[in-house]
Structures are given as structure tokens and as C-alpha cells.
Amino acid sequence: KAGVTQTPRYLIKTRGQQVTLSCSPISGHRSVSWYQQTPGQGLQFLFEYFSETQRNKGNFPGRFSGRQFSNSRSEMNVSTLELGDSALYLCASSFPSGTRTNTGELFFGEGSRLTVL
Amino acid sequence: DQQVKQNSPSLSVQEGRISILNCDYTNSMFDYFLWYKKYPAEGPTFLISISSIKDKNEDGRFTVFLNKSAKHLSLHIVPSQPGDSAVYFCAASTWRGNKLVFGAGTILRVKS
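Residue numbers (the working numbering), protein chains in the order written: chain A, 1 to 117; chain B, 1001 to 1112.
Hints should not be assumed to be uniformly reliable.
Only pairs whose alpha carbons sit at most 25 Å apart, straight line, appear in this in silico DMTMM-like list of lysine to aspartate or glutamate [what the hints assert, rightly or not]:
(1) A:Lys57 to B:Asp1024
(2) B:Lys1068 to B:Glu1058
(3) B:Lys1005 to A:Glu52
These are calculated hints, taken from the structure and not from any lab test.
Pulled out of the complex, with its shape left as it was, chain A reads as follows (with noise of 0.2 Å):
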């Protein structure tokens, strides 16, 4: 079956600007969850989304921000960019925690490379 796809798999934006990343999850998965990764920290949980709802939200200011729809897809917002926002962002999609179906496992994406200049 078709994996996780995010766009756009790179982009280049200034500082002050804002951006809006997608991702498609796996067909029949309903939860979506965001990373960040930069170089040294490993991979930092942004937020989780299940039923068009945040379920969960990491330690990252208000200008980070994101959606689902109710076809499971989900965007993520970075407003008013800084040079420290540039880092790759994986978007995962799984089945919602706690269910029966749910091994813990994370499925990614390939991530959206952006820089911020």
C-alpha cells in the first residue's frame, strides 16, 4: 500500500515568512503526528491529530500549528519563520494510540525539507 506522502519534499523560505506543509497518511490510518528534526536533537514531537483533532501538542511556541481534515490528511503551519526553524519535518501516520490496532509503530514520511534564509 501507497506510504505516507509529504509535500513539498523541499522548499526555501525567508524569515518573517510563513509556511504550510502537507501529508497524506496511509490509507486507513487516522492518527498524524509531526516531528521536527535538526541536527544533534533527534526528532521532537510538534503535534498529534486524530479525528480532526489535536491530541496531543509538544513543546514548540504558538507559531507552530496544524490541522486534519476529515479525509485523515493534515497540514502543519510555521508562521513568521527563524533561521531556527530550518529542519527536516516528518509527518507519521499511525492508528490512534490506545487502540487495539496500534503497536506503538509509527509509519513516515519521507519529510519536508525546509530552510529558512
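We have chain A already, so just place chain B on it with the hints.
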């Protein structure tokens, strides 16, 4: 506050030998642990997991060991192959939740 730590940024191993990647955690509420592998320009892929009720889980060449009292887990790869060269991330969660806490990763290089 790094709740999951991978203290070795990199590891180099000869092909055919054992690779041992280590991970420490501080949050005693974690009860599910996973290892992911990541190649450049690809997303992380799931490798193996272990629940806190076990101390060992094996899948082919990969074995994960969990020492709850020491809050330590390790991934053993035997025998190591050049294709295993990648970044390995340790991750932890509570009750198979989807909020995973990741370590910073260890770069494994398997030399042929």
C-alpha cells in the same frame, strides 16, 4: 531535558561483527520502546520494539534488550552488514502512545 539519550554519536564496526547501540532514558513512565533506522533523504523506518514487561525481543539479526532498573536499552545487530549503515534512533512512549520521545541518534558505519 533529554528524557531519551543516545550518548554515542557514532559507531564504526567491521562487517560480520556485532554492533551494539545503547540508549538511556530517565522517565519511569515510559513502557514501550522502539528503534528506528534512517537512511539519508528517507524517513525513519521501524526496526524493532519492546514492551516494558519484557527484557528481550528478537527479530532476525536484531535483538533489543531492556534493563528497567538501569533505565537502559540496547540494540544488537549480529552479524552486521554494510547495508546496516544508517542513523539509528531510540524512542520511547507511554502505553503505545503516538507521542514518541526520540534520542539524538547514533550513526552506524559498517565497514566491509
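The hints, checked one at a time:
no.	hint	in the structure
1	A:Lys57 to B:Asp1024	holds (23 Å)
2	B:Lys1068 to B:Glu1058	holds (17 Å)
3	B:Lys1005 to A:Glu52	violated (32 Å)
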